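A.B. asks: Given next are the chains, with one letter for each unit.
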Amino acid sequence: MQTMTNKATVTLPSDEQILITREFDSPKHLVYRAWTTPELVKQWWSGRRGTVTSAEIDLRVGGAWRYVMLASGGHEVAFHGEYREIVPDERIVNTEVYETPEATDDDAAVNTVTFTEHDGRTTLTILTELPSKEIRDLIIDSGMEGGMQEGMDLLEQVAISLR
Amino acid sequence: MTHAYIGIYGAGVARAATTADAFNAVAEPRRRQILDVLAGGERPVNELVARLGLTQPQVSKHLRVLREVGAVEVRDEGRRRLYRLNGHALKPIHDWVKGYEHSWSERFERLDVVLADLKTQEEGHADHDEQGDRDAAQR
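Quick mapping for you: the protein sequence lines, in order, are chains A and B. Each residue of the first sequence is one higher than the one before, starting from 1 at the first, in our numbering. Each residue of the second sequence is one higher than the one before, starting from 164 at the first, in our numbering.
The following block holds chain A by itself, in its conformation from the complex (with noise of 0.2 Å):
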């Protein structure tokens, strides 16, 4: 049963690292299975932003998937990659390119994502590295101009000053 919301937390490990956590109060497996089957990926990946209208996933090492979101706004947007390395219900290293005119696979980030469970519990990691080319489309994407980690470094400093 779920109890509490567990808070997913952010950081930046390095300028190109982007670190997200969190704990998941079920065993690792089930939790490996909503992240690799493509009808449950369905229910969870868009968050509330939109709905997903495609989820394909050929989960074996070399293997693409692909993924399509219907956001709210009405725009589709798609992501596609390939998976590197598969240790079930351990770990998964897969490729991530979000698909504009000018993507090109050199854009691609590395995932890696990892499934540790403790008393039942799962912690869930996913550590993208992002190509220094990537940092620059970010910076038409997202108005983020590199510096991430400094970002966060600076968080704390931000938050003293404005107590």
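These are calculated hints, taken from the structure and not from any lab test. Take the hints with a grain of salt, since some may be wrong.
Calculated pairs, DSBU-like style, for lysine-lysine (alpha carbon to alpha carbon, straight line, at most 30 Å) [stated by the list, open to error]:
hint, chain 1, residue 1, chain 2, residue 2
1, A, 42, A, 7
2, A, 42, B, 282
3, B, 254, A, 7
4, B, 261, A, 7
5, A, 7, B, 282
6, B, 261, A, 42
7, B, 224, B, 254
Note that the coordinates shown come from a computational prediction; the quantities given were computed from them, not determined experimentally.
Dock chain B against chain A, hints included.
C.D. replies: Okay, now just chain B, sitting in the frame of chain A:
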């Protein structure tokens, strides 16, 4: 699956293309160093020069960029120019990270629901299995 959402979720804080903003200001390692030093409190410019091992003109150039985005403020005290950190100017960075975190939290909340279903199903199967075992034992 992950970073791409910076694109979508980051749109909320998208801004006009300009170099004069907090993100750009902290993208330069030396400027981050300056901010780190100033996080410890107000400092005169000559101390920043000494701490960073740069020339005064180099430090002044970085300080100018930081001042333009409001990340540092300056005041004169006698013959000294004192610089201090202004955290408010860095809030866009804070907001961006928080927005990203929030987006993932929403996604994970839905994943929680999926997982709760899976657990229920699994427990259901286990019950069936036990019932099956009992039935088999009785036969």
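A.B. asks: Take the hints in turn and mark each one as holding or not.
C.D. replies: Now the hints, each set against the structure:
| no. | hint | verdict |
| --- | --- | --- |
| 1 | A:42 x A:7 | holds (21 Å) |
| 2 | A:42 x B:282 | holds (18 Å) |
| 3 | B:254 x A:7 | holds (21 Å) |
| 4 | B:261 x A:7 | holds (11 Å) |
| 5 | A:7 x B:282 | holds (21 Å) |
| 6 | B:261 x A:42 | holds (25 Å) |
| 7 | B:224 x B:254 | holds (23 Å) |
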